[in-house]
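S.K.: Here is how the chains run, residue by residue.
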Amino acid sequence: MMQASVSGNPAAVAAKRKLSSDFFKKGIVIALLSGFLYGLYAAFMTLGMSVGIWEHWYGEDSGLSVFAVFYLLAAIGAATTDTCSAAWALSIAAIRGRIGDFVRTIKTKPGLVMVCGALIGGPLASTAFVVGLQQAGGIVVPISALCPAVGAILARFLFKQQLNARMMLGIAICITASFMIGLTGLEEEAPPGLMIGIFFGFIAAVCWGIEGCVCGYGTSLIDPEVGITIRQVTAGMSNLIILVPLFGMISGADTFGMLGQSFTDGYAMIWFALAGLSAYLTFMFWYKGNAMCGAALGMSCNGTFSFWGPFCVWILLGVIMGFEGWGMPPIAWLAAIIMVVGIFTISMNPLDLFKKKEHV
Amino acid sequence: MKPLNYAILKYFTTVKEACANDVMDALKGQYGDFKAFNKKAVVSAIMTAEANALLEETRFDMDGNNELRVYYRAHAEGASTINKYIKD
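Residue numbers (our numbering), protein chains in the order written: chain A, 1 to 360; chain B, 1001 to 1088.
Calculated from the structure, these hints are not laboratory results.
Since the model is a prediction, treat every value here as computed from it, not as a measurement.
Fair warning: there could be bad hints in the mix.
Stated by the list, open to error - Here are some, though not all, of the chain B residues that point toward chain A, as calculated from beta-carbon distances under 7 Å: (1) Pro1003; (2) Ala1007; (3) Thr1048; (4) Asp1061; (5) Gly1064; (6) Leu1068.
Stated by the list, open to error - Below, simulated BS3-like cross-link-like pairs (lysine-lysine); rule was C-alpha separation at most 25 Å, straight line: (7) B/Lys1035 - A/Lys26; (8) A/Lys107 - B/Lys1035; (9) B/Lys1016 - B/Lys1040; (10) B/Lys1087 - B/Lys1016; (11) B/Lys1016 - B/Lys1084; (12) B/Lys1016 - B/Lys1002; (13) B/Lys1010 - B/Lys1087; (14) B/Lys1002 - A/Lys25; (15) B/Lys1084 - A/Lys107; (16) B/Lys1016 - B/Lys1028; (17) B/Lys1087 - A/Lys18; (18) B/Lys1002 - B/Lys1084; (19) B/Lys1010 - B/Lys1039; (20) B/Lys1040 - B/Lys1028; (21) A/Lys107 - B/Lys1087; (22) B/Lys1028 - B/Lys1039; (23) A/Lys107 - B/Lys1010; (24) B/Lys1010 - B/Lys1028; (25) B/Lys1016 - A/Lys107; (26) B/Lys1040 - A/Lys25; (27) B/Lys1010 - B/Lys1040; (28) B/Lys1039 - B/Lys1002; (29) B/Lys1016 - B/Lys1039; (30) B/Lys1087 - A/Lys109; (31) B/Lys1084 - A/Lys26; (32) B/Lys1028 - A/Lys107; (33) B/Lys1087 - B/Lys1028; (34) A/Lys18 - B/Lys1040; (35) B/Lys1040 - B/Lys1002; (36) A/Lys109 - B/Lys1084; (37) B/Lys1084 - B/Lys1010; (38) B/Lys1087 - B/Lys1002; (39) B/Lys1087 - A/Lys26; (40) B/Lys1010 - B/Lys1035.
Built from N, CA and C at the ideal position, the CB exists for glycine as well.
With the hints as constraints, model all of the structure from the sequences given.
M.R.: Spelled out as structure tokens, the structure:
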């Protein structure tokens, strides 16, 4: 590849250095924000699924089969959130003048790749995540945060993105931090569905790893706002049209009646609308962050959601709403710091800090 | 008509090298009325493509208004990827 020529003008060199540095920093901030917004998404969705009609559905006298409580409710929760998110995405795209490009892009090859990524990360991962969340609680959030490792490894093989020993060490540190949060949950009073919940958390991690890698690369060709609109519309529609009716048929429940009740429960819908907005923002920043800093770093920054997830669920459901059982173990704070160290290890060589000092 | 991002990338496969202003001048006629057609968005799209190895920087200097001007080109592999995914 060609080597860029260096301008002799010091002002141009300084401006160029600033442009590159600002772009890289912006990418990291966007990727980190995606992690925090993911925490809000998980918290608002969990809250939506804890109030109104959902309280009855998860209650002992709901009359629903074990299968329906296990899978159908998770799919309806994911479908309600993703549909709200699709509505946000389409509205914002219309306001920002991107609807035309949305229609033009979805018919192209990269657009169809995004649709496939959205199907894997939408109905498949979201339902696995919600099943895990309902069975094992907030502990599933850090388990699903293993997706950066999957994404970075796939990006190495599929798109030849850089993955050196230092970056692998950083990913290992992030995974260790995720497990620290996960293992603390195992020591506490374990919910009956803990192991099956963790299993579904792993499935979500693999699906999101594939999605982050494929769609992050897709966003280098497609405008992220257009890309995320494709993702949320695909996820919302496929949840509503394929997954919910499928689980409804298997469980024998009145699926359409339940969907109607879910969308017309005013109190729960406030939280689903907020969950949908958070989902729109978190996935857009995820795609954008991955495209701006590469899948390994972008997904590791996004992986801070393993901290922000339980944190936001604890703040919203435990502290603000006063529900019991959503506390955050103290070791999670330590794990969060370790995760930050992991992210820095992926993004830069710590020895460079000392090298720079030597030059001064 | 192609999506704006596609048009930006495709343009690089037709020229030796170009900066954001060149891209905007070339696409102004077709995309001038797009809300997303502004220099900040075009620079971001180009730099994202560079981060994903579709484009590479060739040189930079200051223009007559004392604004930074960075030139990029689609190298052989990048051009091949762009042409593979984005048809005319």
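S.K.: Does each hint hold? Answer for all of them.
M.R.: Structure-based check of all given hints:
1. Restraint check, B/Pro1003 versus chain A: the minimum CB separation of about 4 Å is within 7 Å; hint holds.
2. Proximity of B/Ala1007 to chain A is violated relative to the hint, the smallest CB-CB distance being about 10 Å (cut-off 7 Å).
3. For B/Thr1048, the interface hint holds, since its Cβ comes within 7 Å of a Cβ in chain A; the closest pair sits about 5 Å apart.
4. Hint on B/Asp1061 holds. Least Cβ distance to chain A is approximately 5 Å, under the 7 Å limit.
5. Interface hint at B/Gly1064: violated, since its Cβ lies 13 Å from the closest Cβ of chain A, which is beyond the 7 Å cut-off.
6. Among the interface hints, the one on B/Leu1068 holds; its C-beta lies about 4 Å from the nearest C-beta in chain A, closer than the 7 Å criterion.
7. Under the criterion of a C-alpha separation no larger than 25 Å, the hint pairing B/Lys1035 with A/Lys26 is consistent with the structure, at around 22 Å.
8. With a CA separation close to 21 Å, the supplied pair A/Lys107 and B/Lys1035 stays within the 25 Å bound.
9. Restraint check for B/Lys1016 and B/Lys1040: the C-alpha separation of about 22 Å stays at or below 25 Å, so the hint holds.
10. Straight-line distance between C-alpha atoms of B/Lys1087 and B/Lys1016 comes to about 19 Å, which keeps the hinted pair within the 25 Å bound.
11. The suggested pairing of B/Lys1016 with B/Lys1084 holds, with an alpha-carbon distance near 19 Å, which does not exceed 25 Å.
12. Simply put, B/Lys1016 and B/Lys1002 have alpha-carbon atoms about 21 Å apart, close enough for the 25 Å limit, and the pair holds.
13. Between B/Lys1010 and B/Lys1087 the CA atoms are separated by roughly 9 Å; this keeps the pair inside 25 Å, and the hint holds.
14. Note on B/Lys1002 and A/Lys25: the hinted pairing is violated, with a Cα-Cα distance of about 30 Å set against a maximum of 25 Å.
15. Taken as a hint, the B/Lys1084 and A/Lys107 pair is honoured in the structure, with Cα atoms around 15 Å apart against an allowance of 25 Å.
16. Among the hinted pairs, B/Lys1016 with B/Lys1028 is consistent with the structure: their alpha-carbon atoms are about 19 Å apart, no more than 25 Å.
17. Restraint check: the Cα-Cα separation between B/Lys1087 and A/Lys18 comes to about 35 Å, which exceeds 25 Å; the hinted pair is violated.
18. Restraint check: the Cα-Cα separation between B/Lys1002 and B/Lys1084 comes to about 15 Å, which is no more than 25 Å; the hinted pair holds.
19. For the given pair, B/Lys1010 sits about 17 Å from B/Lys1039 by alpha-carbon distance, which is consistent with the 25 Å threshold.
20. Between B/Lys1040 and B/Lys1028, the direct Cα distance comes to roughly 15 Å. Compliance with the 25 Å bound is thereby established for this hinted pair.
21. Distance check on the hinted pair: A/Lys107 and B/Lys1087 sit about 12 Å apart at the alpha-carbon level, within 25 Å; holds.
22. About 11 Å separates the Cα atoms of B/Lys1028 and B/Lys1039, which keeps this hinted pair within 25 Å; it holds.
23. At roughly 17 Å between alpha-carbon atoms, A/Lys107 and B/Lys1010 fall within 25 Å of each other, so this suggested pair holds.
24. For the hint linking B/Lys1010 to B/Lys1028, the alpha-carbon distance of about 15 Å falls within 25 Å, and the restraint holds.
25. Of the pairs offered as hints, the one joining B/Lys1016 and A/Lys107 is violated, with about 29 Å between alpha carbons and a cut-off of 25 Å exceeded.
26. Restraint check for B/Lys1040 and A/Lys25: satisfied, since their Cα atoms lie roughly 16 Å apart, inside the 25 Å limit.
27. For the given pair, B/Lys1010 sits about 19 Å from B/Lys1040 by alpha-carbon distance, which is consistent with the 25 Å threshold.
28. The suggested pairing of B/Lys1039 with B/Lys1002 holds, with an alpha-carbon distance near 19 Å, which does not exceed 25 Å.
29. Taking the CA atoms of B/Lys1016 and B/Lys1039, the gap is near 20 Å; set against the 25 Å cutoff, the hint holds.
30. For a cut-off of 25 Å, the pair hint linking B/Lys1087 to A/Lys109 stands: about 9 Å separates their Cα positions.
31. For the hint linking B/Lys1084 to A/Lys26, the alpha-carbon distance of about 29 Å lies beyond 25 Å, and the restraint is violated.
32. Note on B/Lys1028 and A/Lys107: the hinted pairing holds, with a Cα-Cα distance of about 24 Å set against a maximum of 25 Å.
33. Between B/Lys1087 and B/Lys1028 the CA atoms are separated by roughly 20 Å; this keeps the pair inside 25 Å, and the hint holds.
34. Proposed proximity of A/Lys18 and B/Lys1040 is supported: the alpha carbons are some 15 Å apart, at most 25 Å.
35. With a C-alpha separation of about 20 Å, the suggested pairing of B/Lys1040 with B/Lys1002 holds against the 25 Å cut-off.
36. The suggested pairing of A/Lys109 with B/Lys1084 holds, with an alpha-carbon distance near 9 Å, which does not exceed 25 Å.
37. Distance restraint check for B/Lys1084 and B/Lys1010: the Cα-Cα separation of roughly 11 Å lies within the 25 Å cut-off, and the hinted pair is therefore satisfied.
38. Proposed proximity of B/Lys1087 and B/Lys1002 is supported: the alpha carbons are some 9 Å apart, at most 25 Å.
39. In summary, the hint linking B/Lys1087 to A/Lys26 is not supported, as the alpha carbons are separated by about 31 Å, beyond the 25 Å threshold.
40. Distance check on the hinted pair: B/Lys1010 and B/Lys1035 sit about 20 Å apart at the alpha-carbon level, within 25 Å; holds.
Hints 2, 5, 14, 17, 25, 31, 39 from the earlier list are contradicted by this structure; the remaining hints agree with it.
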